[in-house]
Amino acid sequence: MAGPKVKFTVEVAEGSPQQQFLVQVHPEWAPLGAQRFLQLVECGYFTESRFHRVVEGFMVQFGLAADPAVYKVWGTQPIKDDEVKASNTRGKMSFAMRGPDTRSCQVFVNFGNNDSLDDQGFSPFAEVIEGMEVVDKFYGGYGDYPPRGTGPEPDRIKAEGLAYVKNFPKLSYIVKAEVI
Numbered sequence: 001m002a003g004p005k006v007k008f009t010v011e012v013a014e015g016s017p018q019q020q021f022l023v024q025v026h027p028e029w030a031p032l033g034a035q036r037f038l039q040l041v042e043c044g045y046f047t048e049s050r051f052h053r054v055v056e057g058f059m060v061q062f063g064l065a066a067d068p069a070v071y072k073v074w075g076t077q078p079i080k081d082d083e084v085k086a087s088n089t090r091g092k093m094s095f096a097m098r099g100p101d102t103r104s105c106q107v108f109v110n111f112g113n114n115d116s117l118d119d120q121g122f123s124p125f126a127e128v129i130e131g132m133e134v135v136d137k138f139y140g141g142y143g144d145y146p147p148r149g150t151g152p153e154p155d156r157i158k159a160e161g162l163a164y165v166k167n168f169p170k171l172s173y174i175v176k177a178e179v180i
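Letter 32 of the sequence shown, counting from 1, is numbered 32 in the UniProt record's numbering, and no numbers are missing.
Heads up, some of the hints might be wrong.
Stated by the list, open to error - Derived pair list, reagent style DSSO-like, types lysine-lysine, alpha-carbon separation capped at 30 Å:
| id | residue 1 | residue 2 |
| --- | --- | --- |
| 1 | LYS7 | LYS80 |
| 2 | LYS158 | LYS137 |
| 3 | LYS80 | LYS170 |
| 4 | LYS72 | LYS7 |
| 5 | LYS158 | LYS80 |
| 6 | LYS176 | LYS5 |
| 7 | LYS5 | LYS170 |
| 8 | LYS137 | LYS170 |
Derived from the structure by calculation, the hints contain no laboratory data.
Using the sequences and the accompanying hints, generate a full structural model.
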């Protein structure tokens with residue numbers, strides 16, 4: 001049974017009108033991931049978070065808090081892995097991870113069919129049900145983080161927050177995320 005919906009209000013380009021996309025959370029796919037995601041939404045964690053890693057044809061990643069103190073609360077509390085019950089296809093959302101039981105606060109949206117991630121343990125917990133065309137427009141000119149691209153370095157976002165990401169003014173970002 002599907003869970004709540006989350007509405008993201010985003011700024012795709014600096015000074016552009018705000019746009020929205022809608023996510024359906026699926027606790028039946030990944031209960032721990034769904035629960036953590038909703039906790040992050042409900043506490044305002046994603047406010048001003050940048051879409052800091054945009055890899056064309058693959059995925060867009062977000063979830064490094066604008067405030068380093070907020071990241072320290074959530075980014076240092078990993079959750080256990082969920083069994084993979086849904087595939088990483090276009091529009092599905094999963095937590096990023098560095099290995100077993102390391103999911104914390106970074107999330108990605110699949111741009112395409114990335115079912116190769118299923119065998120690696122990336123368990124989708126939600127899907128974009130409206131506004132995927134908005135997600136497709138997120139600024140990707142910086143690409144991946146170094147050395148594979150010129151995007152912001154995750155460790156610096158964790159340590160410096162908005163002060164650092166201001167050096168990447170074209171990044172799309174979350175104005176707010178809310179359970180509806």
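Going through the hints against the structure:
1. The suggested pairing of LYS7 with LYS80 holds, with an alpha-carbon distance near 26 Å, which does not exceed 30 Å.
2. For a cut-off of 30 Å, the pair hint linking LYS158 to LYS137 stands: about 25 Å separates their Cα positions.
3. Of the pairs offered as hints, the one joining LYS80 and LYS170 is violated, with about 34 Å between alpha carbons and a cut-off of 30 Å exceeded.
4. Distance hint between LYS72 and LYS7 is fulfilled; the C-alpha atoms sit about 25 Å from each other, no more than 30 Å.
5. Between LYS158 and LYS80 the alpha-carbon distance is near 21 Å, which keeps this suggested pair within the 30 Å criterion.
6. Among the hinted pairs, LYS176 with LYS5 is consistent with the structure: their alpha-carbon atoms are about 14 Å apart, no more than 30 Å.
7. For the hint pairing LYS5 with LYS170, the CA-to-CA distance comes to about 28 Å; that is within 30 Å, so the pair holds.
8. At roughly 12 Å between alpha-carbon atoms, LYS137 and LYS170 fall within 30 Å of each other, so this suggested pair holds.
Against the hints set out earlier in the document, a violation occurs for number 3 only.
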